[in-house]
Amino acid sequence: MRPGRARLLDSKAVSLTPDDVRHAAALAHIGLEPGELESLARDLAGILDHVGRIASLDLADVPPTSHALDLVNVLGDDVPRPPWPREELLSLAPERTADGFLVPPIGA
Amino acid sequence: MSVPAGWEAVIGLEIHVQLSTRSKMFCRCPNESGGEPNTRICPVCTAQPGALPVANRAAVERTIEVGLALGSEIAAHSTFHRKNYFYPDSPKAYQISQFDEPLCSGGRLAVPTADGDDVVGFERVHLEEDAAKTIHEGGGGGRLAGSHGAVVDFNRCGTPLMEMVTKPDLRSPEQASRFASFLRETIIALGVSECDMEKGSLRVDANVSLRRPGEDELRTKTELKNMNSFSFLERGIARELRRQAELYEAGEEFSTQTLHYDPSSDELTVLRSKELAHDYRYFPEPDLVPIEPSAELIDGLRASLPELPAARVRRFESEYELPLAQALDLGIGSGLAAYFEEVAAASGDARGAANWVLNEFSAHLNEARLSAAESPVRPAALAALVGLVADGTLGSSGAKQVFAALVDGEGGGDPAAIVAARGLGQIADADALAAVVAEVVAAHAQQAEQFRGGKENLMGFFVGQVMKATGGRAEPQLAQRLLREEIARG
Amino acid sequence: MAVFDVEATSAEEIARLLDARELTCEEVAGAYLSRMAAHNDALNVFLHVDEERTLAQARAHDNEGRSGIAGVPMAYKDLFCIRDVPTTAGSRVLEGYKPPYTATVVRRCEAAGLVELGKTNMDEFAMGSSTENSAYGVTRNPWDAERVPGGSSGGSAAAVAASMAPLSLGTDTGGSIRQPAALCGVVGMKPTYGAVSRYGVVAFASSLDQVGPFARTVRDCALALRVIAGPDICDSTCLGPPEPIELPEREDLRGLRVGAISLEGVGGVEPGVRASYEAALETVRGLGAELVEASLEFSLTPHALAAYYLIAPAEASANLARYDGVRYGLRVPGDDIFEMYDKTRQRGFGREVKRRCLIGAYALSAGYYDAYYGQAQRVRTLIRRDFDAAFEKCDLLLTPTSPTVAFRIGELVDDPLAMYACDLFTLPVNLSGLPAISLPCGLSEGLPVGLHLAGPAFSENRLLAAAHALEGAFAFDPRPPALMGAA
Chain U
1 MRPGRARLLD
11 SKAVSLTPDD
21 VRHAAALAHI
31 GLEPGELESL
41 ARDLAGILDH
51 VGRIASLDLA
61 DVPPTSHALD
71 LVNVLGDDVP
81 RPPWPREELL
91 SLAPERTADG
101 FLVPPIGA
Chain V
109 MSVPAGWEAV
119 IGLEIHVQLS
129 TRSKMFCRCP
139 NESGGEPNTR
149 ICPVCTAQPG
159 ALPVANRAAV
169 ERTIEVGLAL
179 GSEIAAHSTF
189 HRKNYFYPDS
199 PKAYQISQFD
209 EPLCSGGRLA
219 VPTADGDDVV
229 GFERVHLEED
239 AAKTIHEGGG
249 GGRLAGSHGA
259 VVDFNRCGTP
269 LMEMVTKPDL
279 RSPEQASRFA
289 SFLRETIIAL
299 GVSECDMEKG
309 SLRVDANVSL
319 RRPGEDELRT
329 KTELKNMNSF
339 SFLERGIARE
349 LRRQAELYEA
359 GEEFSTQTLH
369 YDPSSDELTV
379 LRSKELAHDY
389 RYFPEPDLVP
399 IEPSAELIDG
409 LRASLPELPA
419 ARVRRFESEY
429 ELPLAQALDL
439 GIGSGLAAYF
449 EEVAAASGDA
459 RGAANWVLNE
469 FSAHLNEARL
479 SAAESPVRPA
489 ALAALVGLVA
499 DGTLGSSGAK
509 QVFAALVDGE
519 GGGDPAAIVA
529 ARGLGQIADA
539 DALAAVVAEV
549 VAAHAQQAEQ
559 FRGGKENLMG
569 FFVGQVMKAT
579 GGRAEPQLAQ
589 RLLREEIARG
Chain B
599 MAVFDVEATS
609 AEEIARLLDA
619 RELTCEEVAG
629 AYLSRMAAHN
639 DALNVFLHVD
649 EERTLAQARA
659 HDNEGRSGIA
669 GVPMAYKDLF
679 CIRDVPTTAG
689 SRVLEGYKPP
699 YTATVVRRCE
709 AAGLVELGKT
719 NMDEFAMGSS
729 TENSAYGVTR
739 NPWDAERVPG
749 GSSGGSAAAV
759 AASMAPLSLG
769 TDTGGSIRQP
779 AALCGVVGMK
789 PTYGAVSRYG
799 VVAFASSLDQ
809 VGPFARTVRD
819 CALALRVIAG
829 PDICDSTCLG
839 PPEPIELPER
849 EDLRGLRVGA
859 ISLEGVGGVE
869 PGVRASYEAA
879 LETVRGLGAE
889 LVEASLEFSL
899 TPHALAAYYL
909 IAPAEASANL
919 ARYDGVRYGL
929 RVPGDDIFEM
939 YDKTRQRGFG
949 REVKRRCLIG
959 AYALSAGYYD
969 AYYGQAQRVR
979 TLIRRDFDAA
989 FEKCDLLLTP
999 TSPTVAFRIG
1009 ELVDDPLAMY
1019 ACDLFTLPVN
1029 LSGLPAISLP
1039 CGLSEGLPVG
1049 LHLAGPAFSE
1059 NRLLAAAHAL
1069 EGAFAFDPRP
1079 PALMGAA
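Residue numbers (the working numbering), protein chains in the order written: chain U, 1 to 108; chain V, 109 to 598; chain B, 599 to 1085.
Okay, chain U solo, but in the shape it has when bound:
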């Protein structure tokens, strides 16, 4: 049902390449200096070698658990409460206008 989802990887450990790390860093919007990329790639490859073996387990008959508790239907009543005074939240902003949060251009 998920687009582009992988079949289970085979039991060979999948090595994490610097390109994979670069891609993950782009997804996570964490800038990396050149040296940082290499050393992180080493760290993460090592971690994934161990942690990644989970991919080869045959768990087709085991349903996933996404919540620790079996709770359902916890909902809030549609009753508005007063909002926060603007200044209390806006004053936290690194840059701001009189009434808004200011950010750099959103770019090309």
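Just so you know, not all the hints are guaranteed correct.
[What the hints assert, rightly or not] Which chain B residues face chain U? A few, computed with CB under 7 Å, are given here:
(1) 805
(2) 907
(3) 915
(4) 925
(5) 926
(6) 929
(7) 935
(8) 941
(9) 952
(10) 959
(11) 969
(12) 973
(13) 976
(14) 978
(15) 979
(16) 1031
Because the hints were derived from the structure by calculation, they are not lab data. These numbers were taken from a predicted model, which means no experiment stands behind them. Glycine included, every Cβ here is placed at the ideal spot set by N, Cα and C.
Go by the hints and put chains V and B onto chain U.
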């Protein structure tokens, strides 16, 4: 032709509807529009560290109602997911949405037409939260390149948003526009949203592709975003169909893109490329637990659904024997429908009621900028007026005068009283009319001679003169008969 | 001014002294503030203290009258939002941030009259097992300043161990309360997931995080838990415990079936820890419990660790995405907003946080979700089943809390996998949402060893009762010799 010759258009719509709950989707900030920027915000909708979402029960119920109205399957087990992407209008850098377990699956909407129902299928209806608004400084009109920065207003952030995805069942821009408009009326009838395209509480995107008639597979589609009127939707789709046809015919290819349509120039432009087809990394939202709507809840919501436009239109056709055009005009949009039905019931004359409501009464509402419920002309009064016309007491001119008087609040809302007070009753007595008829014929001897010579169309002139002399009260059939007799006496 | 020995007085005892008016709240607060002033430079336990604020709160209780545990001081790990009080979560990205609101658990503590002592050091965003990942320096273990206090709630554990606070709060995602409790020789508890509100607690991994107390005694721990546990309408996952938390009184374990996990085949457990554990099992027997052998087929294997180190980073990668320089915290300018995001997060996050955000993004990414995150969620089901099966045969499960005693500062910080292995015994209950407590059961090479008791969902009272009985039998002296008798 809005669909290029030799091609079949394949169109699907993605409709976002802001629900008119009292509070936001995942926090209880007031859900309103307008006002000063950043005055309806809190730690949750500004994503402060440690903030947590709490789902709005009313938003869930309203979405289920919409699903029920469409005949969708309501999920036994529905979950929220995080849709991860970075953008200043998304403070958590993920939107809480739904992925593979939406509240409603499937469904259909039948648009009544003269050739039967035009049925469009739905893939799903799900619930999510709206993003903040970014205003680009230095560059107006929402264009992004070359701006000097942006200001973010979180008032809208967290508004409950219902996303409705149709199947690619639409085959022309007109059909898409008509369908979108009818869907809007249906949602308004349910009372779950104002559906104002200009204010942004209804947003329609179109997925558009072409193929040769008889082709089974779907070809590359493009997405047209945020057309903010039904006419722009229609024109934008037509323009894109033309663009795709031209490319195919020139042997060129194109890829799945997101496009913006500018109605003033009739041009399409590629919107900012969203970081190469986003990898949203959907995963189940751990801060919210699943929703399992009970049978009792669903039955209760279903039982309280109002009559929907599609059903009402067909009912007006059958129950009141109205033509489709009138049934559509009266049945869509509940304001006139309820009023009409009261007038029809009180007068016992559905056709008469329909004519009056759609003509004089609607014109009055437009001019006075009132809704049917606000009009000083109450259904009982209009029903009585309809009756007075039907039984011959009033002719059309007299009826109009009475109506105008009702609008002004004269006669305590009682047409009969107005008729009496103003002496507006139609003259249907031959003796009463005889003198007037004689005078009119005498005063226009030349035309009488021409009429005797065969100029039949002068009867209209003579009837008009009789009407003038009687203040519009002459009963037309009787006036004509008397005139003919008088003229013939020559 | 009454003599008040912070090293020898439990929270319960403080309350009794306050009730008897042998002490004032201000004197109590003052004693802890002095202790802090004397030792914080050396140990780096507290990141933020506001003496005036603390004393003002204490004075208010003196003036307005008090009851229960009002007047007892409480220290907070620096990821609990307290309105207008600096909250960094141990990170540069939140340097200077003062939340506009207060966490529910803190408000509950305030309502009970607990006096705010300050914010304690932690691994950045709760990611770590040693507090070495703090952007504000490591906290030193009060038992040996060259060693780590454990993590990520190292500051809160050390605060209690060093008698700088009688009570403190931490959070536990994979062991971050229990492991530092073990390494520092104090009691630490992770309640059942959903017992305590997470609203206002800076999130690490939403389906695993739980708030819990540190204390010198099990009864103190119960006192604190009673204050913080309960439903919260601001947290959809928190319905609170179904029964009230009781103060434990039993001194034996008669009638309890205690499952002891065998350490056979479990790698990495120090001999001294093993010996302490085995001695503890004897004590259990001696207290009248029926000791049964128990095993967790799956939960102590590398696959459980793998599941944790995929799920937690995945959730964290999303939870930390909001630290983008837009609305609060650090901003490093950029030519456009995406450059600003990249630079801000590059400068604002430390190395371990970067590692986890990247693994998290990767584990969720297109093409890899099923193999990594999806698999981890299935392993999580197996772990739940493991515990369900184990608890059919026993009422409690025992293991050591940590495979080692406190290790040296710097020893593991460059070996992520070795650091992750610290959580071997603790993380399975996070994955299954179950409650667990660690209490000191002995020393190995002069350093504390913790015993770990886990129970079924919402069995906090059973855990506290058993831990209390064991505490009496262990008679562990929680005062680090290095600090004993110091100011």
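The hints, checked one at a time:
1. 805: 6 Å, holds
2. 907: For residue 907 of chain B, the interface hint holds, since the closest Cβ of chain U sits about 5 Å away, which is under 7 Å.
3. 915: For residue 915 of chain B, the interface hint holds, since the closest Cβ of chain U sits about 6 Å away, which is under 7 Å.
4. 925: Constraint on residue 925 of chain B satisfied, holds at 6 Å.
5. 926: For residue 926 of chain B, the interface hint holds, since the closest Cβ of chain U sits about 4 Å away, which is under 7 Å.
6. 929: Hint on residue 929 of chain B: holds, closest Cβ of chain U at ~4 Å, below 7 Å.
7. 935: 5 Å, holds
8. 941: 5 Å, holds
9. 952: 6 Å, holds
10. 959: 4 Å, holds
11. 969: 4 Å, holds
12. 973: Hint on residue 973 of chain B: holds, closest Cβ of chain U at ~5 Å, below 7 Å.
13. 976: 4 Å, holds
14. 978: Hint holds; residue 978 of chain B Cβ to chain U Cβ min 4 Å, cut 7 Å.
15. 979: 5 Å, holds
16. 1031: 3 Å, holds
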